[in-house]
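*Asks:* Taken in sequence, the protein lines are chains A and B. Numbering-wise, our numbering puts 57 at position 41 of the first sequence, and it's gapless, one number per residue. Numbering-wise, our numbering puts 244 at position 156 of the second sequence, and it's gapless, one number per residue.
If you're looking for bench data, these hints aren't it; they were derived computationally from the structure. Take the hints with a grain of salt, since some may be wrong.
[Stated by the list, open to error] A few chain A residues that don't get close to chain B, going by computed Cβ distances all over 12 angstroms:
| # | residue |
| --- | --- |
| 1 | I27 |
| 2 | D70 |
| 3 | A133 |
[Claimed, not checked] Covered stretches of chain A, going by a simulated chain B footprint (3 or more residues, C-beta under 8 angstroms):
| # | segment |
| --- | --- |
| 4 | 39-49 |
| 5 | 116-130 |
Idealized CB from N, CA, C, for every residue including glycine.
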Amino acid sequence: MGQRLPPARTIVLVVEDDPILMMALVEFVEDAGCEAVEAHTVAEAIRILETRTDIRTVFTDLDMRGSTAGMKLAVAIRDRWPPIELLMISSQPWDKDQIPARGVVLGKPFDRRRIVAAIQKFAV
Amino acid sequence: VTLPNSRQPLQSDPAAHAPLTTLRRGSTPLFETERRLNAVLNNASVSIFLMDDRQHCIYMNRAAERLTGWTLTEVLARDCPLHDIVHHTYPDGRPFPLAECAIDRAFPENNQERGEEVFVHRDGHFFPVGFTASPIRDDLANIIGTIIEVRDISEEKAAAERQRLLINELNHRVKNTLATVQSIAAQSFRGTDPVALGVFNARMMALSSAHNVLVEDNWESASLRSVIERALAPHLLAEVDTDRFALAGPDERLHPKVAVTLAMALHELMTNAAKYGALSVPEGRVVVTWTLQPCEDGRQRLDLTWRERGGPPVTTPTRRGFGSRLIERQLPMEFDGAAEIAYAPAGVVCRLQIPLTPLGWVGQETIEGRSA
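Bound conformation, chain A alone (with noise of 0.2 angstroms):
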């Protein structure tokens, strides 16, 4: 009691179906000094968000299974956890009023620095 803990790593989803990709996405959040909890399918990552609260951030793909899976699960996180951070990662271009509010998408391919600002952005 009274005693200071050191801060707690922030806890960032990533939401990602090809483990190669998953592998450089989990990379980005720890260079970011975040702590990566994965998920490989929408399904997963919702089944995640609905056991543990303290998930900061969700960092998904939006290419998954070549759909519109990722963006689905997006706007469905910026509705039922609206204090979620979300950034997402894209091969293709969206337009501004297709990305839920104080969202980030990013391109590919995978523009290192800008991806882990965006990660510590959303940690402070």
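Add chain B to chain A, keeping to what the hints say.
*Replies:* Chain B in isolation, oriented as in the chain A frame:
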């Protein structure tokens, strides 16, 4: 009336040369040529409609009957503008009044009208058509009717849609694959030189940004000026000093292969300049100029010069890296051009001469020239 010999010249019946005064149905005599014209028109694959000054259809060929589901007899019996028979409803179900019809405007506005519209078949289904509407004049140049050629373009539309989907998929795949390559490289070279990995990632970004320029024109060609601006963008945009770069030269359409290689070459020059050359000090300048010259074989040749000034004194590197090998060896080999990097003490000068590959799928089975 018998069908005349098809090799005979057109009928010289004097009545056939009497000036047309109206296209309205009446008691005009049946010319022999009508039989012949019917033989031609009814074997044509394009649908042809002839309309009078009230936009009523007074003739349609067999192709037009097949296209619309209506017979000429039925259309004549309706005695109303053709628009009300084949074009009365927008695909979203709203009524389509004659006054809004582009085909109809060929008549009052007196010009040849081409375009695409969506017609309604007799059975109610919609189908896309391409049309050309031309006015018909009497001898006093008064417009007395309209001839409309119509083609069903459903298949072309479907093919264009398939192509759009494929190009979207291609764009998506290229970028996703580059991201996968980055990820594999990051894992493979884990714990080794992070600077080298940064250089590699910057090359992937340069490759990707060259592809972005191609995406804008469906991978058919890219604008020379855009390729140069995009390649230099990482520095161009970050610069507060707008005089740091000077770009001058005409725009041209580039074949995708040339666009990508040129973008990569410029990226290497820029990286080198940022590390050792003019872009490594605040007062350094880079001037990129280019011209287009006719080649002997009829192609155009791009002559591009990259000139650095105001940087630290230049020394010739002892080892040729990826950048100089790409520029001095690969570029001339690939495009049958010439390239030279001069490490002049006052600043690096790179001269490129690239004969421009004609646009189209060169190296594939079909070579399709396309004027820019």
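*Asks:* Now look at each hint and say whether the structure bears it out.
*Replies:* Hint-by-hint comparison with the structure:
| no. | hint | in the structure |
| --- | --- | --- |
| 1 | I27 | holds, 22 angstroms |
| 2 | D70 | holds, 27 angstroms |
| 3 | A133 | holds, 15 angstroms |
| 4 | 39-49 | holds (count 3) |
| 5 | 116-130 | holds (count 6) |
Going through the hint list in order, the structure satisfies each hint without exception.
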